[in-house]
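Quick mapping for you: the protein sequence lines, in order, are chains A and B.
Position 672 of the first sequence, counting from 1, maps to 775 under the working numbering, and the rest follow consecutively.
Position 181 of the second sequence, counting from 1, maps to 284 under the working numbering, and the rest follow consecutively.
What the hints contain is simulated information worked out from the structure, not anything from laboratory work.
Accuracy of the hints is not assured; some may be wrong.
Repeated chains share a single entry, so a pair holds when one copy, or any two copies, can fit it.
What the hints assert, rightly or not - With a straight-line Cα cutoff of 16 angstroms, these simulated EDC-like cross-link-like pairs (lysine to aspartate or glutamate) come out:
| id | residue 1 | residue 2 |
| --- | --- | --- |
| 1 | Lys685 | Asp412 |
| 2 | Lys685 | Glu497 |
| 3 | Lys696 | Asp600 |
| 4 | Lys782 | Asp133 |
| 5 | Lys685 | Glu796 |
| 6 | Lys141 | Asp323 |
| 7 | Lys696 | Glu794 |
There are 2 protein chains.
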Amino acid sequence: MNNYIWFPIVVGLLAILFAAYLARYVLSKDTGTPAMRKVADAIYEGAIAFLNRQYRTIAVLAVAAAIVVAIVLGLIGQGTSADKISLSWHTALAFLIGAFCSGVSGYIGMLVAVRSNIRTASAARRSLGEALMVSLRGGAVSGFLVVALSLLGVSLVFLTYGGLGGTAQIMAAPSLIVGFGFGASFVALFAQLGGGIYTKAADVGADLVGKIEAGIPEDDPRNPAVIADLVGDNVGDCAGRGADLFESTTAENIGTMILGVALFQVTGNIGWILFPLVMGSFGLLASAVGLLYIRPGVVTEPDQANGRDPGSIAMSQLNIGYYITCALSAVGIFIGSYLLLNVTNLSTGQAINSSGLPSWVWFGLAGCVGILLSIAFLYITQYYTAGSWRPVQEIAGATITGPATTIITGISIAFECVAVPVLAICAALGLSYFLGSRVEMGTHGIISVGGIFGTASATVGMLMSCAYVLAMDTFGPITDNAGGITEMGGESGAVRDITDALDGVGNTTKALTKGYGIGSAALAAFLLFSAYLDVLYQYKHNVSVYSVDLANITVFIAALIGITLIFFFSSLAIRAVGTAAKAMISEVRRQFKENPKIMAERPEDRVDPDYRRCVDISTQGALRAMIFPGLVAVVTPILVGTILGTQAAAAMLMVGTMGGIVLALFLNNGGGAWDNAKKYIEAGNLRINAEGEVDPNGAIHGKGSEEHKASVVGDTVGDPFKDTAGPSLHVLIKLLSTITLVLAPLYIFLHP
Amino acid sequence: MNNYIWFPIVVGLLAILFAAYLARYVLSKDTGTPAMRKVADAIYEGAIAFLNRQYRTIAVLAVAAAIVVAIVLGLIGQGTSADKISLSWHTALAFLIGAFCSGVSGYIGMLVAVRSNIRTASAARRSLGEALMVSLRGGAVSGFLVVALSLLGVSLVFLTYGGLGGTAQIMAAPSLIVGFGFGASFVALFAQLGGGIYTKAADVGADLVGKIEAGIPEDDPRNPAVIADLVGDNVGDCAGRGADLFESTTAENIGTMILGVALFQVTGNIGWILFPLVMGSFGLLASAVGLLYIRPGVVTEPDQANGRDPGSIAMSQLNIGYYITCALSAVGIFIGSYLLLNVTNLSTGQAINSSGLPSWVWFGLAGCVGILLSIAFLYITQYYTAGSWRPVQEIAGATITGPATTIITGISIAFECVAVPVLAICAALGLSYFLGSRVEMGTHGIISVGGIFGTASATVGMLMSCAYVLAMDTFGPITDNAGGITEMGGESGAVRDITDALDGVGNTTKALTKGYGIGSAALAAFLLFSAYLDVLYQYKHNVSVYSVDLANITVFIAALIGITLIFFFSSLAIRAVGTAAKAMISEVRRQFKENPKIMAERPEDRVDPDYRRCVDISTQGALRAMIFPGLVAVVTPILVGTILGTQAAAAMLMVGTMGGIVLALFLNNGGGAWDNAKKYIEAGNLRINAEGEVDPNGAIHGKGSEEHKASVVGDTVGDPFKDTAGPSLHVLIKLLSTITLVLAPLYIFLHP
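Start from the sequences, fold in the hints, and give me the full structure.
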């Protein structure tokens, strides 16, 4: 059974080779016209400059954090001083490795993404199929690297920390790895915050001064902030979400492994610990198959499409690839459960049937619940953020009475769209717990061990498609950039039609990834919470740690602070965008004023604005603005844990996570709905009759109308919601888990 | 000790006489000019018409609910069928009495408020002092009636249900009274929802069509919705908040009494049960003294004020009255603790010293914590919503870059302003628990009984000033209306200055009351939650009911649904405003179009618009729109309790309450800040230099500027936040408590 540890390592290495193959494929494509190259080079430069400075800042912060963690764990805690020093350096080293892997996967993924944009733009001159394939594969480099490095990192650290040693070593190893997860969370928090602030500061600056004050269109080369805006799409969506999902898959692996330790102890079967790693590898293989399915041969080109919209053609291909990935994942999870999760009677060696079925069937079914949840989230997110359904249309209709009603309606939709996803999460949690609890493996207090592992299996199942989903996500900024490059490179209308369509699909896939991210974070939350209680039990050997009792006043207070942290952190994230955007607005205004030639009447008289300065200002602003929210997010849970104790830390984590799930859904879906309401109006779908009411037979009120202006206000308000605060909350709730896991010994020391 | 039950009854009756005296004082004042009377009569008519229809609807719903409750409790539950039938009719009857008392206090309070407005307007022609006194006393009728009827109702029901009987009867009585609290909550929910929807539908309609489309000023008689808008201030703020605080004080009394039962059982001292009623009576006396302090003799008139703003003169008088009330309450709580809460050794009859001090000192100190919290909330709310501090000024500054940044900044302020109040609540809870737990009275599981009663004492202390705070709150709509009446009645500038200043003060006091409402609801939450666990224990006699363990999956799911309900309910409340406002907008547009004489150039050619139709439309819209959100609020907790069981119901209540506190703070303070940012600009405080930056030496950008328009958008967005959704959440979280308390026997029956 031990040998299964080699499976994730081999598959992880293969996945890196696969990513290299994809990168080579993309880079072998041509880079279009000189005009296109000029734009693309500016984006590339700006993105790399930002990333270099950002990761330098993060590296300094991470090393400082690692030193603090090492000192804290080395000085205090339980056991002999050798024990403490071992825990101390193992955790700090794992922290640094986790931070490094997260950084590397984000960096390389970005490097390829900002070279894929121009190649997508160029391919769009030839065919939809080729453009789709280039952009998706460019995004997949990031997707496969993220999952592979997470798997490899966790597996290798586990191996090095005694994963093939004696029972005691195996049992200790997962707890030593939590540092890896904390490192990943730490980097993810700053990567997402910094990227999210950058992208929206640039976007708001470009829109407010360029579009509204100067009246020039989106992606116009005369706008000094246009390159910063295009860079922002990469650093926010690609690097940020990459770090986010790196953390998700890492945290989920480690959480499941810690739960597996307790089962390993009972059954002597290391399969419980290795399960998430092996399933993650299966998921990588499934994602590769799903991805390879999409090729020009299966794509109907626009000229043969009988008027079918190229966007919907591309979207349906992406969907098919996703279904293939999910179907293979479902098969995989049954195989994996069969191989690894058979509950055997230790004395006879026979598999035990639970409730009439072998245990692997139950866990396989629980895994399928997770896969189904990921598909459900796809539909729910589309309903709330795509123009074909009520919510977006309602917001578009509300633009008739101006920006105030646009905002009010959007906020009410945002509050509303929390309900169905949460019910889906509750159903998935309850069902997977129920399925798992059919396997009779005893209880911790009132908690069924099988039930908890059922929720773990669901989380594992949901995250098997992670690489594919991340490929679809990074597809978003690539196609967005490709649109900008064709526009600014002066390409023809047919080419623009293709890149515009892909850009629209990219907006949808970005929204889907956020839904996926929050859904998987919610599932993982219960798991990580249970893992934390397991860790407490390992130290305290007292079953009362399994109770987190809200009737206890310190637990109650901690829970209330947890949900407040979520709100306060959102405030800081949104405010940071405002601060960074203000500098950008002044700069764009300054350029227009001091250099009137930028806006010269005749194109031949025009000079280029100073793009680089705008990029610099966004970079500085974002890096400065990300520090304070990041520190608040790190310090608050530590304060609560040290002052109020272990159970209070658990409550803060738990209720903070609930608040985070709900508020992230509010922010992400609200922002997405406003964005698409604007697109809905721009596409000429809003028709108004003489009475000023929405009417399918009325006149079209499109770009430039008062309704459109109101929708731009809505979109601008939604920008920091969906691209800064919302995604940062995903990271925050996982950070709460990993920080609590890592610092458990400290809390126990202070509150024995 | 039994005789203390007569104290709240006597004081309650005296308070009603006092309210009658205040009403007579107000009604004895003159009603100004015929022009003023015309406006005031229209407001009066509209308000009464709405209230009559609203309470008729609520009465039907309440009777239906009472029947359902009676049937459910009569058919299922524990004990003999005589027990069940007794519980059934006691609860249903208490429900109806509670509903009736809440309705009556709201109705009569309103009746006086809508007659005080014109008298305030008329008094303003003579002096600031007289206008302040008339409006405050008009508001105080509502304040004293609310608290007095709640005290009388609870005391009399307690008495009738066996409060002076044998030990067993005394112990059973508080649980029988919970129906009274549920009835109050039920009415409050619909009163607040209906009133909140009405006021904002009218306001949004009047603003959007009147101010923005037709370009006429606020409170202009040409606006068909102007009367509906003025009516709305009364039905939303006066009747709604009255019902809200009726429920607060009722729920807190009942919760404390239930906790007192357990202590009565141990000590044989009925003082534990009577404590909240006696303290409430003390509070009424203290509020009366604070109120009577404010009289023309202590007010500096504008002509002798050396340029001091009449608003700040009036506000400082109100503050002095409040401090008097608080100081007397603090003295009262020590006296009350001394008389009622001495822990005595049953065998010797001697008072037991706890931690070196008599127990009454500890509980008195805990009560003072509550009083201090109410003062802290006064300052915190002012900081976040008044123009003199950073938050409002930041929003005002953000108007320079348009409505989008105005909204973004406002939302970030709204998220931010959650933190300090929650920390204050946590500190108050923790401290009062600590103080109470010094009194050694044993534990329930890990909960200190003394500690819980400490939090109860803090809640009691905070709510002692309820009548005074409510007087300040109802002062708001009265002065708002007075402003409208002077404006439409064509009074001189000096009179307008006084009513405008009082109107501004009213906005502040309205915001303060909301802060007070949510703060006391938060304190009471922990108490009501503990009372629910006590009720469970009375049925189950198993100490495990005192644990609400988030590690249990059903508890976790229920908690997640609890917080989701808060968001979903907010969506419904905001959406209801939109629906009702739409009808209003169409109607106002129709009148302007079909009757151009309304806007005739020369005043003598003008005809009055049809105010009554607008009032009708708001009334119908609000009544129709309040039903669905109300039903969702009532049905969801019942479903969770019946499907997931008693502990899940507790978790939903608990985490739902936390979410409600945080979101209500977000909505109330955010809305208040936007409102005052607009006022800040209208007052000419926004100065902008040539670079487009805020600058104390820049030019004033006031009414009519682009900045002002952006601030109007912010204000409009904030309207349903602060006047519909936020206050309705106050009611919702208390409804969650009372519904859970009343239906505990059902949940236990289904999940024994």
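Evaluated hints:
1. Lys685 - Asp412: neither (39 angstroms within a copy, 35 angstroms between copies)
2. Lys685 - Glu497: Cα proximity of lysine 685 and glutamate 497: across copies only (13 angstroms, versus 31 angstroms in one copy).
3. Lys696 - Asp600: neither (34 angstroms within a copy, 44 angstroms between copies)
4. Lys782 - Asp133: Cα proximity of lysine 782 and aspartate 133: none, with 31 angstroms in one copy and 59 angstroms across.
5. Lys685 - Glu796: between (37 angstroms within a copy, 10 angstroms between copies)
6. Lys141 - Asp323: So lysine 141 and aspartate 323 pass the 16 angstroms test inside one copy only (14 angstroms; across, 59 angstroms).
7. Lys696 - Glu794: Between copies, since 11 angstroms is at most 16 angstroms while 42 angstroms is not.
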